[in-house]
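Student: Residues per chain, in single letters:
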Amino acid sequence: MAAVVVALALQRNLFGAVVLFGIYSFLMATVLVALDAVDVAMTEAAVGAGVSTVLLLGALYLVGGMETKPLVRPLAPLALSLAVGAVLAYGMQGLPEFSDPQAPIHVHVAPRYLNQGPKETGVPNVVTAVLASYRGFDTLGETVVVFTAGAGVIALLRRRQKRK
Amino acid sequence: MSTVAGHYSYWMTIVLIVAGMYILIARGNLMKKLLGLAVLQSSVYLLYIAPAKLLGGTAPIVAQGYTVYSNPLPHVLILTAIVVGVATLALGLAMVVRIREAYGSIEEDEILARDRADDDRAPDGAR
Amino acid sequence: MTGDLVLRIVAKLLMPFMLLFALYVQFHGDYGPGGGFQAGVIAATAIVFYAITFGLAAAQRMVPERLVERLLAVGVLLYAGVGFAGLALGGNYLDYFVLDPDSVHGQHRGIFWVEAGVGITVAAVMLKLFYMFAGRGRDAGDA
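Sequences listed follow chains A, B and C, in order.
For the first sequence, my numbering assigns the number 1 to the initial residue and increments by one for each residue that follows.
For the second sequence, my numbering assigns the number 165 to the initial residue and increments by one for each residue that follows.
For the third sequence, my numbering assigns the number 292 to the initial residue and increments by one for each residue that follows.
Read the hints as simulated data drawn from the structure, not as lab findings.
Non-contacting residues of chain A with respect to chain C, defined by C-beta distances greater than 10 Å in every case (computed):
{"no.": "1", "residue": "Ala3"}
{"no.": "2", "residue": "Ala79"}
{"no.": "3", "residue": "Leu80"}
{"no.": "4", "residue": "Ala89"}
Covered stretches of chain A (chain C as the covering partner; in silico rule of three or more C-beta atoms under 8 Å from a C-beta of chain C):
{"no.": "5", "stretch": "40-49"}
{"no.": "6", "stretch": "52-59"}
{"no.": "7", "stretch": "131-141"}
All residues carry an ideal CB built from backbone N, CA and C; glycine is no exception.
Go ahead and model the full structure; you've got the sequences and the hints to work with.
Tutor: What follows is the structure in structure tokens.
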């Protein structure tokens with residue numbers, strides 16, 4: 001996946017960049033399945049490799065397909081990105097190791113949802129139970145966000161007069 | 165070092181985040197910037213999902229015969245984040261399309277030059 | 292012309308299965324991976340597939356723009372409506388256990404309607420986004 005992202009950074013043809021982005025989303029969905037996150041993987045595959053790529057291609061048709069200027073001396077952005085990476089690496093030292101059952105994330109709230117969730121809601125898929133029932137307000141907010149995005153795009157792209 | 169092997173997923177995530185951020189900042193083309201933003205968001209999903217996995221466990225769907233499950237709470241967070249991400253991308257693309265129609269270009273420096281030329285010709289009162 | 296023909300026949304064969312799969316993912320979100328978001332996106336991509344193969348006008352005859360705009364709002368209203376039903380029946384906003392005498396069955400009902408609302412809104416938004424981007428022609432005089 002790192003190779004795909006580097007190629008995306010260097011690619012100047014925008015159509016090729018969009019295709020590389022589709023490949024990156026698909027690889028991310030595969031990695032998510034390997035990490036046992038099946039709901040998230042299905043959403044990432046459908047949304048990232050499906051809808052996002054379609055919308056990017058649609059916008060690309062309206063905008064034009066080549067990145068015209070080669071990059072000149074991108075040292076400051078590279079230094080800034082590497083500095084952010086260094087700060088993240090420093091902060092990551094304190095995080096628990098991969099797949100540590102005693103990590104705080106697995107000890108406090110999650111066992112209650114995994115044990116009581118199916119009994120209280122009758123739904124074996126704990127992710128759906130938490131999403132729709134325990135954290136229903138968040139999902140309501142997210143639905144409103146999706147609606148707002150649709151309304152915003154309508155407001156931006158609607159034509160007032162009839163096209164000739 | 166034991167930390168490198170134990171934290172391998174974090175190292176990969178940091179590499180992807182740095183690359184996405186570099187594309188976002190360094191490129192002047194607006195479409196490339198949006199692609200960098202989308203890559204950055206995807207990498208952050210990995211940052212959240214990787215700690216949720218337990219080796220030997222399974223997906224968080226309660227079924228007979230399994231006792232160890234992955235943590236479902238980050239999954240819920242990231243599900244919302246993915247959909248909000250595509251909403252952001254769609255709005256950004258709509259704005260890029262309108263900018264293209266208004267300025268004739270999607271390169272950042274050309275747009276800024278046209279803005280400065282317009283301001284020089286008709287300066288604001290506060291300038 | 293043969294390439295076009297193969298694409299059209301395959302599209303006609305695949306579309307019902309895609310829509311059926313979207314419905315399956317929506318209603319089996321309780322027992323397997325799935326739920327409202329995935330189902331909405333899959334349903335939208337089924338119609339986008341039809342539009343790519345047969346042209347935007349054909350797809351807009353099948354699923355008119357006005358209908359899609361109405362559905363956008365219907366999904367959110369459905370979700371909020373379930374919340375108000377919880378209020379009307381004696382609990383707090385978005386309480387599911389008051390929707391039925393058996394509290395677990397109430398949860399089932401609440402989750403069903405809420406996921407349906409989410410699925411409708413997501414499908415309508417994705418389809419509307421595609422219509423907006425695909426229906427806007429390039430202005431004359433662009434390179």
